[in-house]
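A.B. asks: Chains as they are written, first to last, in my numbering: chain A, 1 to 217; chain B, 1 to 217.
In case anyone wonders, no lab produced these hints; they're calculated from the structure.
Any given hint could turn out to be false.
[To be verified] Here's a subset of chain A near chain B, in silico, CB distances under 8 Å, partners left out:
1. E44
2. L47
3. A51
4. P59
5. A75
6. E78
7. E82
8. A86
9. A140
10. L142
11. Q145
12. L147
13. Q169
14. M171
[Claimed, not checked] Here are some, though not all, of the chain A residues that point toward chain B, as calculated from beta-carbon distances under 7 Å:
15. H3
16. Q48
17. Q56
18. T57
19. M76
20. T79
21. F141
The beta carbon of each residue, even a glycine, is placed where N, CA and C say it ideally should be.
One-letter residues, chain by chain:
2 protein chains.
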Amino acid sequence: MSHAQRLRQRIEDEIVSGDLAPGSRLDESQLAARFGVSRTPIREALLQLAATGLVQTKPRRGAIVTASEPHLLLAMFETMAEIEAACGRLAARRLAAADAAALTAALDGCRAALATTDTEAYYAENYVFHAAIYRASHNAFLADQALSLHRRLAPYRRLQLRVRQRLPQSMAEHEGIVAALLAGEETKAADALRSHVLVQGDRFTDLIAGLRAPSAA
Amino acid sequence: MSHAQRLRQRIEDEIVSGDLAPGSRLDESQLAARFGVSRTPIREALLQLAATGLVQTKPRRGAIVTASEPHLLLAMFETMAEIEAACGRLAARRLAAADAAALTAALDGCRAALATTDTEAYYAENYVFHAAIYRASHNAFLADQALSLHRRLAPYRRLQLRVRQRLPQSMAEHEGIVAALLAGEETKAADALRSHVLVQGDRFTDLIAGLRAPSAA
DNA sequence: CTTTGTCAATCTGTATGCATATTCCCCTGG
DNA sequence: CCAGGGGAATATGCATACAGATTGACAAAG
Numbered sequence: 001m002s003h004a005q006r007l008r009q010r011i012e013d014e015i016v017s018g019d020l021a022p023g024s025r026l027d028e029s030q031l032a033a034r035f036g037v038s039r040t041p042i043r044e045a046l047l048q049l050a051a052t053g054l055v056q057t058k059p060r061r062g063a064i065v066t067a068s069e070p071h072l073l074l075a076m077f078e079t080m081a082e083i084e085a086a087c088g089r090l091a092a093r094r095l096a097a098a099d100a101a102a103l104t105a106a107l108d109g110c111r112a113a114l115a116t117t118d119t120e121a122y123y124a125e126n127y128v129f130h131a132a133i134y135r136a137s138h139n140a141f142l143a144d145q146a147l148s149l150h151r152r153l154a155p156y157r158r159l160q161l162r163v164r165q166r167l168p169q170s171m172a173e174h175e176g177i178v179a180a181l182l183a184g185e186e187t188k189a190a191d192a193l194r195s196h197v198l199v200q201g202d203r204f205t206d207l208i209a210g211l212r213a214p215s216a217a
Numbered sequence: 001m002s003h004a005q006r007l008r009q010r011i012e013d014e015i016v017s018g019d020l021a022p023g024s025r026l027d028e029s030q031l032a033a034r035f036g037v038s039r040t041p042i043r044e045a046l047l048q049l050a051a052t053g054l055v056q057t058k059p060r061r062g063a064i065v066t067a068s069e070p071h072l073l074l075a076m077f078e079t080m081a082e083i084e085a086a087c088g089r090l091a092a093r094r095l096a097a098a099d100a101a102a103l104t105a106a107l108d109g110c111r112a113a114l115a116t117t118d119t120e121a122y123y124a125e126n127y128v129f130h131a132a133i134y135r136a137s138h139n140a141f142l143a144d145q146a147l148s149l150h151r152r153l154a155p156y157r158r159l160q161l162r163v164r165q166r167l168p169q170s171m172a173e174h175e176g177i178v179a180a181l182l183a184g185e186e187t188k189a190a191d192a193l194r195s196h197v198l199v200q201g202d203r204f205t206d207l208i209a210g211l212r213a214p215s216a217a
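With the sequences and hints as input, model every part of the structure.
C.D. replies: Written out as structure tokens, the structure reads:
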């Protein structure tokens, strides 16, 4: 793999993990010095990230980590909900034995993480769970789109850690989703997934709005 | 706007319009000479196109216009169907007067184009019609995703020109979709849009498969 | 004291140069 | 006549150089 691709992954990871917060300036020379390469591969990495929406570039004014407005964030979560619902619909129709096994395993992982009350661990397992659903759709393109959007929303997921009592509810919803998938109930699975993601979106946008308003005042 | 951005649009247009066929090699030096710039902005344009999936790059082996396998093409159309269904669901719920006007106007445009039996004109109006639905979802992000995927599938839409008797059927489906949207029937609108796009996907993949098999033999 | 204009420093965008990997062709051997 | 290997040509990927734009500060005027 080329330097540019490696750098793209590393920078993307730093954004997704929250090391680079939304709104951060991404100075090309600075990044080049930090990674020990010239500006060229850095530029190429940033351009690719810009194409996926993770960073924004203004002409002659460099790149920043995309800081989405609350209303756009809500739109992104709504889109995520619809895409996940679509994955659920297709997964319920096409579920293979291997998919069922992966889903129940992921569910067990969530349950175990919930028991430890380790929030970070739960979100790691949550990622595995949702990725399993994407894969179970047996539509590689849709699964890619879902994963990509999931990653793009990741910087804001960290904020959810502050919401109380969301985890047990999330777990219960997961159980319902898996039950519908295993039963092959397309509509039920789709609806359950849609509302599962939508409620997250609502909480997030509430949080964001609440965080922004005071700082603006 | 920078050279790279202009070039990205121009190259994208040439791909979408079919001037650059799927599978075509995109030689950096050649493109640089053709557009009268150095290789750098060409590279940046190609990288951005690669990030959106319109072109594919292999390390040290340059870029080609993405030539999707039939099964991936089917997956893309299936995804398009689900995304359009989601747009329809939201549009039916949120339809404003301006949206309704835009939809009926687009419908009239399709009808007029159909009457002239000008296939290209119909597809232009078809684009306007679908874009109106995307916008009516009142979700800017989802609408962007839909438009982006629509463009990505455009190179293959041209092939549909060969399918007979698709236009009148498409028109009838459009009428049904608008009726459901105006009536605010979410599920009906979503289902109508999903099958409207899915049948296109089926036809396309049939075509592709039919075109590929003889050439491979 | 505030505001505006100018200048300097800095950073982006593009061009060019160079090293290396790949590919294609030709030559040699069987 | 065909297959395999080696070398040259070519194209990519990265580094460096340069021009133009933006930003920030500082000074001067109101």
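A.B. asks: Please go over all the hints and tell whether each is borne out by the structure.
C.D. replies: For each hint, the structure was consulted:
1. E44: 5 Å, holds
2. L47: Where the cut-off is 8 Å and the nearest Cβ of chain B is about 5 Å from L47/A, the hint holds.
3. A51: 3 Å, holds
4. P59: Given a least distance of 6 Å, the restraint on P59/A holds.
5. A75: 4 Å, holds
6. E78: Result: holds, 6 Å to nearest chain B Cβ.
7. E82: 4 Å, holds
8. A86: Constraint on A86/A satisfied, holds at 4 Å.
9. A140: Constraint on A140/A satisfied, holds at 6 Å.
10. L142: 4 Å, holds
11. Q145: 6 Å, holds
12. L147: 13 Å, violated
13. Q169: Cβ of Q169/A sits 24 Å from chain B, so the hint is violated.
14. M171: Cβ of M171/A sits 26 Å from chain B, so the hint is violated.
15. H3: Cβ of H3/A sits 10 Å from chain B, so the hint is violated.
16. Q48: Cβ of Q48/A sits 4 Å from chain B, so the hint holds.
17. Q56: Since chain B brings no Cβ nearer than about 13 Å to Q56/A, farther than 7 Å, the hint is violated.
18. T57: 9 Å, violated
19. M76: 5 Å, holds
20. T79: 4 Å, holds
21. F141: 4 Å, holds
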